[in-house]
Amino acid sequence: MTAKLYIDGREICASEGDVLIDVAADYGIHIPSLCYMRGRPCLGTCRVCSVVVNGSIMPACTARIADGMVVEVAQPEVADMRRALVEANFSEGNHNCPSCEKSGRCELQAVAYEVEMVVSRFPYRFAERERDQTARHIFLERDRCIFCQRCVEFIRDIDTGHKIFAIHGRGTHARIDIDVVLADRMPPEQVREAADICPVGCIIEKGRGYNDPIGKRKFETRSIRDRVLEGDKK
Amino acid sequence: MNHHAKDYILSHDLPRSAMDPAVMAKRDEKLHVAMIGLCGCWGCTLSFLDMDENLLRLLDRITITRSSFTDVKRIPRRAAIGFIEGGVANEENIETLVHYRENCDVLISVGACAVWGGVPAMRNLVPLEDCLREAYVDSPTRPLQQPPTIPYHEDIPKLTTKVYPLHEVVKIDYFIPGCPPDGQTIFKVLDDLVHGRDFSIPAHINRFD
Ligand code: SF4
Ligand code: SF4
Ligand code: SF4
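Residue numbers (UniProt numbering), protein chains in the order written: chain W, 1 to 234; chain Z, 1 to 209.
These are calculated hints, taken from the structure and not from any lab test. Beta carbons are placed, not taken as given, at the ideal position from N, Cα and C, and that holds for glycine. Among the hints, a few may not be true.
[Unchecked claim] Using C-beta positions, here's what the derived DEER-type ranges look like:
| hint | chain 1 | residue 1 | chain 2 | residue 2 | range |
| --- | --- | --- | --- | --- | --- |
| 1 | Z | Glu129 | W | His168 | 26 to 32 angstroms |
| 2 | W | Asp8 | Z | Ser200 | 32 to 38 angstroms |
| 3 | W | Ala127 | Z | Ala135 | 22 to 28 angstroms |
| 4 | Z | Val98 | W | Tyr210 | 35 to 41 angstroms |
| 5 | Z | Pro157 | W | Asn211 | 39 to 45 angstroms |
With the sequences and hints as input, model every part of the structure.
And the structure:
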């Protein structure tokens with residue numbers, strides 16, 4: 001059923017039950033996100049796509065279109081809240097972009113530019129996070145993990161469907177882990193997929209990095225905003 | 001820092017030739033802009049130089065005092081806008097930063113080191129003791145004919161336990177990320193402030209590396 005809704009005062013028609021973040025993108029309204037991937041089940045972990053729906057704040061990836069919905073995306077308070085969520089990731093992990101293999105093709109960095117982040121408002125923690133290089137083709141640079149769970153849900157053993165990645169512990173003890181036996185069975189394309197699906201430079205394909213020169217990297221040739229709005233799966 | 005009386009000379013205390021009073025008067029009417037470097041690599045200072053001929057457009061409004069352009073070692077008087085490269089990694093950095101804050105109306109962190117600690121802050125992940133031991137005692141490149149020594153002298157500033165972003169030590173008004181930021185980004189911020197426009201670094205010129 002067709003529903004009529006309002007995003008930032010603009011009247012929009014969409015199908016009831018559709019995902020708000022997708023509908024917004026189809027109408028040229030970019031709502032940044034770090035965990036959501038169009039066409040895949042919503043994870044709802046990063047909260048960076050938070051908007052105001054009928055007066056309450058909720059993530060646009062979990063909100064489904066309903067008739068008469070009133071959505072605020074650009075409202076300064078909620079925009080600042082989204083920026084705070086992005087900033088928190090930089091304080092929580094260690095993000096030394098100048099020495100990161102993912103720089104220029106990193107979604108966290110690209111989204112930070114979109115929300116015009118220049119510094120984190122939270123104290124930088126400099127947390128100690130041990131890296132894991134035991135798998136044959138993958139190493140985990142845990143400093144950069146933002147616990148989006150994309151790898152946990154979407155990268156699975158081809159034969160058994162078992163999860164290869166898992167998050168252990170909670171809060172400051174949370175840690176992304178890899179099942180080395182299953183990881184070593186991953187075909188090269190799946191290794192590449194895991195590295196690409198990770199929005200940051202945590203899942204790194206061994207032997208690959210710094211392939212594109214500065215100025216020619218993914219989000220430098222086309223911004224994350226343009227990619228989302230033009231339907232390029234991130 | 002402690003200095004023994006009279007065993008050093010500071011360049012800004014040396015006698016110098018008098019400036020033309022008319023030139024000085026004109027300069028005094030302009031906004032004074034300065035830039036200092038703390039714990040950084042001088043890359044951001046080089047980006048400041050990269051503003052190049054763009055700066056000519058601003059020279060009827062500003063004058064540049066202490067900076068990589070002038071080699072002036074002290075701010076001769078209160079500055080309207082102060083840029084800083086590098087984070088805080090030793091006691092001398094703190095002293096310089098606090099003095100600079102007291103003498104600038106607007107203070108701007110320039111580059112990853114100033115904004116969050118940057119490359120020097122990689123030592124925050126290990127205790128200072130281990131860091132010094134690795135650099136001076138266990139270092140494979142230390143001079144083998146000498147006993148391993150961690151340099152210590154009252155004239156060598158004491159290291160802080162961790163490396164700090166500037167805004168954790170004094171109030172900072174604006175931040176320009178990048179390692180280093182582009183000269184044109186620094187120019188945009190300067191140009192906006194001089195003309196009373198709001199500070200902004202739009203997505204297409206923002207960068208963290
Ligand atoms: S993961 Fe992204 S944000 Fe983090 S250091 Fe790498 S490029 Fe920077
Ligand atoms: S490793 Fe990457 S994909 Fe997996 S949870 Fe961490 S950030 Fe997300
Ligand atoms: S931010 Fe980068 S270029 Fe600037 S001082 Fe630090 S290391 Fe050097």
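Structure-based check of each hint:
1. The given range of 26 to 32 angstroms is respected by glutamate 129(Z) and histidine 168(W), whose C-beta atoms sit roughly 31 angstroms from each other.
2. At roughly 20 angstroms, the beta-carbon separation of aspartate 8(W) and serine 200(Z) lies outside the given 32 to 38 angstroms, and the hint is violated.
3. For the pair alanine 127(W) and alanine 135(Z), the beta carbons lie near 23 angstroms from each other, so the given range of 22 to 28 angstroms is met.
4. Taking the beta carbon of each, valine 98(Z) and tyrosine 210(W) are about 39 angstroms apart, inside 35 to 41 angstroms as hinted.
5. Our hint of 39 to 45 angstroms for proline 157(Z) and asparagine 211(W) holds, since their Cβ atoms are close to 41 angstroms apart.
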